[in-house]
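Add chain B to chain A, keeping to what the hints say.
Just so you know, the protein sequences line up as chains A and B, in that order. Under the numbering used here, the first residue of the first sequence carries the number 663, and numbering increases by one thereafter. Under the numbering used here, the first residue of the second sequence carries the number 878, and numbering increases by one thereafter.
Among the hints, erroneous ones may be present.
Straight-line Cα separation of at most 27 angstroms, DSS-like style, residue types lysine-lysine; simulated pairs [what the hints assert, rightly or not]: (1) B/Lys1034 x B/Lys1061; (2) A/Lys1069 x B/Lys1125; (3) B/Lys1106 x A/Lys1065; (4) B/Lys1125 x A/Lys1044; (5) A/Lys845 x A/Lys994; (6) B/Lys1104 x A/Lys737; (7) A/Lys845 x A/Lys1094; (8) A/Lys1044 x B/Lys1061; (9) B/Lys1127 x A/Lys1094; (10) A/Lys1094 x B/Lys1106; (11) B/Lys1061 x B/Lys1076; (12) B/Lys1125 x A/Lys1065; (13) B/Lys1127 x A/Lys1044; (14) B/Lys1061 x A/Lys1069; (15) A/Lys994 x A/Lys737; (16) B/Lys1125 x B/Lys1061; (17) B/Lys1127 x A/Lys1170; (18) B/Lys1125 x A/Lys1094.
These are calculated hints, taken from the structure and not from any lab test.
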Amino acid sequence: MPLGISPMTIWYPRRPAAQSCIVGCSTMVPMPFTLAEPAAFPLVERILFAALAIASGSLFWRRFGPIFHRILQSKKDADFRLAPVGRRVWDFVSEVLFQSKVIRQRPLPGIAHAFVFWGFCAFALVTLNHCAVGLGIGFLSPEGFFGRFYFCFAAVFALTCAIGILGLFIRRFLVRPRWLGAKLSWESGFIAFLIFFLMATYLAAFFVPAGSTAITVLWWLHTLTLLVFLPIIPHTKHLHLVLSPATVFLSRGSFSRIPPLAGDEDFGLVAGTDLTRLVSLQAYSCVECGRCTEHCPAANTGKTLNPKEIILGLRSYLNEFGPASSEPLLGKHNPPVAPFQCTTCGSCEFQCPVGIEHLPILVGLRRGAVNTGAWDDDHGAKLFLSLERGSNTLGMQAGERDKFIQKQQFPIFDGTQEYCLWLGCMGGYDPKGREIVADFARVMRYLGTTFGVLRKEKCTGDPVRRLGNDLLFQQLAEANLEALAQNKVKKIVTICPHCVRTIQEDWKEYGTPPEVEHHSEFMARHLSRLPRPSQQDSIVYHDPCYLGRYRNVYAEPRTVVSHSGQLLEAERHAERSFCCGAGGGLAFLGEETGERVSHVRAKELVATGAKTIGTACPFCNSMFRDALASSTDTAPQLLDIAQLTARALPQQDTSSAS
Amino acid sequence: MKIVVAIKQVPERDAPVRIDAAGRWIEEADLQWALNESDAYALEEALQLKELHGGEVVVLSAGPERVGSTIREALAKGADRAIHIDCEDLGQRDALGVARLLATAIQPEDPDLVLTGLQSDDLGYGQTGVILAELLNLPHASLILHVEKSDTGITVKRELEEGWFQNIDLPLPAALTIQSGGAKLRYATLMGIKRAKTKEVRRIAAAELSAPPEAAVVLDRIALPQKQKITQVLSGSAQEAAAALVEKLKFEVHAL
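Chain B with its partners taken away, still in its complex shape:
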C-alpha cells in the first residue's frame, strides 16, 4: 500500500505566542516548531499500516526551509521518503490554496491512501484534508481513529460525539483526516535519525505547482484569547462533589 501523509509544521505547544505588528499573524522569530499533533497520529497510522501490509509511506509538507526539521522527524520515525513544497507564503494561502498545492504534488504519486491530520494546531480550519480529497476526487472520511485493511478496501473507525463510534467501509484509493489519540505514538530514535539522513527529500518550488493564489478567505485579524476566571461551587455530598470535580478536571480542564 502506498500512503501519502500530508503533515504541517506548527509552533511548539509551549511556544510563547506573540502577535506581530500587522496583527494578522504571530511573530515567527524565536519560535520553536513541531509536528502538528493530529498529523503525528496520521503518520503513526500510516506507519502501522505499512508495518502490517508492506508498501511505502511518503510524507508531504509545504512551508519554508524550517519545515525540513519536521520532515526529518517524520523520516526518522519511519517514513520512506519525503516531498517538501518550498513555500514562503503559506500564511497568505487559504485552505483551498494549500490543498491545491498538496493535491498537485500528490497526483503524480498516485497513492492508495492519503492521510492527514484532522486540523492544524495553529489555524485550526479543519478544511485542508477534506478539500484535498475533493481535489483529488477521492472518497473520504474524517475524524478517523483507526484504519484497517479489508478485502475490498478499508474499514475505518470514526469518532462521534459522546463516546459513540462509527465504522465505515471505503474503497481504495481514499483520503482520510485523522483524529488525535487513536494510536500510541512512537518516539523518535537515534537510529531513526541516522537512517533518515540517507532518505530522499524531494524539494519542489510552490510556483511549479500552482500559480500564486487568489485567496477566497483572507485572514483579517488575530487576537489572543481573553483570560477569564470563573469560580464554581460544587454542591452535594463530599463524594458527589469529588465525582463532579473529577469529571470537570477530565473533560473541561483536561487536566487528568
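Okay, chain A solo, but in the shape it has when bound:
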C-alpha cells in the first residue's frame, strides 16, 4: 500500500514541469492514497487497445445505428415545439441530473440508482483519461492538484456506485419484486457485474504499488470491462443510458397530453407509419423497471394490459417491422384488448422515470382502433350511438335533466350569474350524482354565490375522448363550446373532475373554453365562511385520478374534508392513489375480467377504519357504492365532499335538496 506519491514522469514525457509540482503538492496536502496508473504502454499494447476500442465502438454503432435510424425515420411529431425551453431544462436538471423522480417514488432503489448514475457522471472524465492513457496521451495527472482531487472525488462516487449496484443486484436477484417480471434477467445480472467490476478495478488501483504488473493488469481489466459494456448497451434496457436523457428533455411536457390528429390520413396509432419520433424514442427508452406495472390498476387486477408490455410491444414492433410498416400495431406484439382495459388513471405516466408518456400512446392505440372502426365492442358501440343521437353517456332522455332542474329550482344561466354550474352526465342523470349536485348547490346558495345551469348540456366527451372516438368528441366539444359562448359563460364550476379536465384541456383543440374549476377548489376557498359539523367523524379521502394526477389538486379537497371531520389517509394516496376503475370510458364498458378495480380500492379505503369515505368525483362515488354494497355488511358511509360540507348547513336551507 503506497503512502506516498508514485513517480509518473515517464508517463508524461511532454510535461517535465509536473515533477516539481508533485513535490510541492505532496508536501502541502498529505494524501493517504493515490491512484496508481500504468506507465507507458509498449506499442503492441497501444495498437491492441486502439483496435479493441475501435471494434467495441463499431459494434456499438452497428447495434445502435439501426435503432437511431428507426427513431429518425418515424413520422415527425406535428405538434412538437421546443419552447418552453426553460421548462425542459428544469425537467432535465430535476429528473435526470438530480434523479428526483427516481428517488421520490422509490426511495431505496432510487438512491441506489442515483449513486450508480452519479458514479457514471463522475466517471466520464476519469474514463476519458483512462482511454487516453492507453494511447499515451493521458491528460489528468494523479500528481496534479486537479487530477488528485478528481481521482479522489471519483473514488467516492465509485464506492457509492459499487454499493448502489450491489444493492440493486440484491434487489433484483434476491428480493425479486414481482413488477420486475417473473423471469430473472441474467443480462441485468451480467451488467450489474460489469459495473461493479469497473468500480472495483478503479478502486483497486489506489491500493497497488505504482509501476507494478498489477497496475497494468487492473488497467486492462477495467478497459476490457468498458469495451465489453459498450456494445451491450443498445440491445438491452441499458439503452436508457443513451436515450432517456433525451426522452426526458423532449417529452410533451404536460401530463397525458393527447396530440391533435395531423391531416386527413391521421386516425391515431394504427400502423408503424403512425408512430412518431417521440413514440419511437420512448419505446426504445424503456428501462423495464416496472414502476408503471406496479401502479397499474389493470395489471394489478388480472387484466391483459400491462403498460410496460405495451411499450416493449411497440419496441418489438419497431425491431421487427420498422416505422414504415403498414402492419397493424395491435396484433402480433400488442393484444388488441389491452389498450381498452386502461382506466387512464395515469399512474404509469406519472411514475415513469425515463419520460415515457403512456397515455398518449394508449389513447393513440385506441384512436387507431376506434377511428377506423376496427374496435368492435357492444358496450362501446352502445355508448357511441347514445352520444351520437342523445346528449348523455347514460343514454337517458334530455327531459330527465329538465325535470331534475325544475325540481331543484336551479336557475337557468342567463349571463347575470357568476358561475355556470355544469351538471355533467352524472350530476344531471345519475341519482347519486344528483344528490351531490343538489348539496353543492346548497353550499353555493348558503354562500350567496350566484349560479345558473345551462338549459341544454351535452356530455363533455370525456369517455369518448379517452376511448379514441375523435369524430364524436369533436361534435360534442363543438356543440358545448357553442352553447357556452351563446350564453356568455365566463366561469364554470362542476362536481366532476372528468368534466373539468376535458373542458379545460381537451376542448382547447376546438375553441376557447371558459374558466373552469372543481367544486373542491371552490369550497376550499370559501371554507372560512362555512359552518363545521358538531360531530367530527373520521373520514378517509380518496383522490380521483382526474383531480390529483391530472390537475395536481391534492390539498384543497383535504382541507374541505378536514373541515368536516378527522382526515385519514389510505395507504396509497395523493399522487400514488389507486384508481376506482371508472376512468377512460371503462365505467361504460361492462364487466371487467379478473378482479374489479373498484373492489380492490374500496377494501383499501375500508381498511383505514374510517367511518366515512369522502370522494370528490361522482364516478368514484358510483364505483364505490357498488363495491361497498357487495363486499361488506358494515360499510362506511360514502359521501362526496359537497355532501360532507352540506351536512353542517342549517336545516332550513334543505327545503329544495331532497
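Okay, now just chain B, sitting in the frame of chain A:
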C-alpha cells in the same frame, strides 16, 4: 347486389318538440336532427349484405338542405353514394306523395333490393315503404329483422307478435321495410367521415321527379300527448311482485 336504402331525417330523440303557430307541424328552428332509427337498421342490413356479397349501397333521402348531414352520416358508415331529392315541402306530402318521389328516383337505378325503415319516428305512418314497393311493382315484406341471400333470391326473418318469427323467401328484386333491433348498429368513425367527403351525392330537384302533389291525406292538427300518472300496486309475495315489476319495466316502460 345493388341495394337502395331510403332514409329519412327526423328530429333528434332528445329534441324538445314544440308545436308551431298553425298547429299543424312542429317548430323546426333550433331542432337537432338525426337519422330515423329503423332507417339506421335498414342501412346496417344493407351494409352487412354488401360486406358478405359485394355490390353497391346507394342511400336516398328527400328533404331540404339540412338532410345533407344525415346523408353524409350514412356515407360515413359505408354507403357508396347518395341521391338527395331537394324538397322543401316534404311535410305537405302524404305517404303516397313521398313514395312517388322516392320511386321515381329509384327506377333508373334498377336495384336488386330496396330497403327502408318500418316507419318514421316523427310521423309514424308506416306506409311509405309499402307504397314504394307497390309503385315499383316489387314483391315486398315488412317488419324484417334479418335478410339472407339464398340461391333463388332472399330469405327474410319477420317479427310477429309475442316473440314469434316468420321466415319467408322472396325473389329478387324486392322491397323490404326493416324493423329496429335486428342487427348491431355500427358507430360513425372519423375515417368514415373523411372517406365520405369524396363520395358522390347527386341532388335532384323534387320538381323534376313529380308534379306538386295533390295530397289524399291532409295533416289537420297535431298535439302533444297528455301526461298521465297512474299508480299500480303489485300484489303477491316479494318475489312475485319483483318479477311483475321487472316485467313492467321491461315491456311497458321500456326502462330495462
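Quick rundown of the hints versus the structure:
no.	hint	result
1	B/Lys1034 x B/Lys1061	16 angstroms, holds
2	A/Lys1069 x B/Lys1125	26 angstroms, holds
3	B/Lys1106 x A/Lys1065	15 angstroms, holds
4	B/Lys1125 x A/Lys1044	23 angstroms, holds
5	A/Lys845 x A/Lys994	21 angstroms, holds
6	B/Lys1104 x A/Lys737	59 angstroms, violated
7	A/Lys845 x A/Lys1094	46 angstroms, violated
8	A/Lys1044 x B/Lys1061	9 angstroms, holds
9	B/Lys1127 x A/Lys1094	23 angstroms, holds
10	A/Lys1094 x B/Lys1106	25 angstroms, holds
11	B/Lys1061 x B/Lys1076	24 angstroms, holds
12	B/Lys1125 x A/Lys1065	23 angstroms, holds
13	B/Lys1127 x A/Lys1044	18 angstroms, holds
14	B/Lys1061 x A/Lys1069	37 angstroms, violated
15	A/Lys994 x A/Lys737	21 angstroms, holds
16	B/Lys1125 x B/Lys1061	25 angstroms, holds
17	B/Lys1127 x A/Lys1170	42 angstroms, violated
18	B/Lys1125 x A/Lys1094	24 angstroms, holds
In the structure shown, a violation is registered for the earlier hints numbered 6, 7, 14 and 17, in ascending order.
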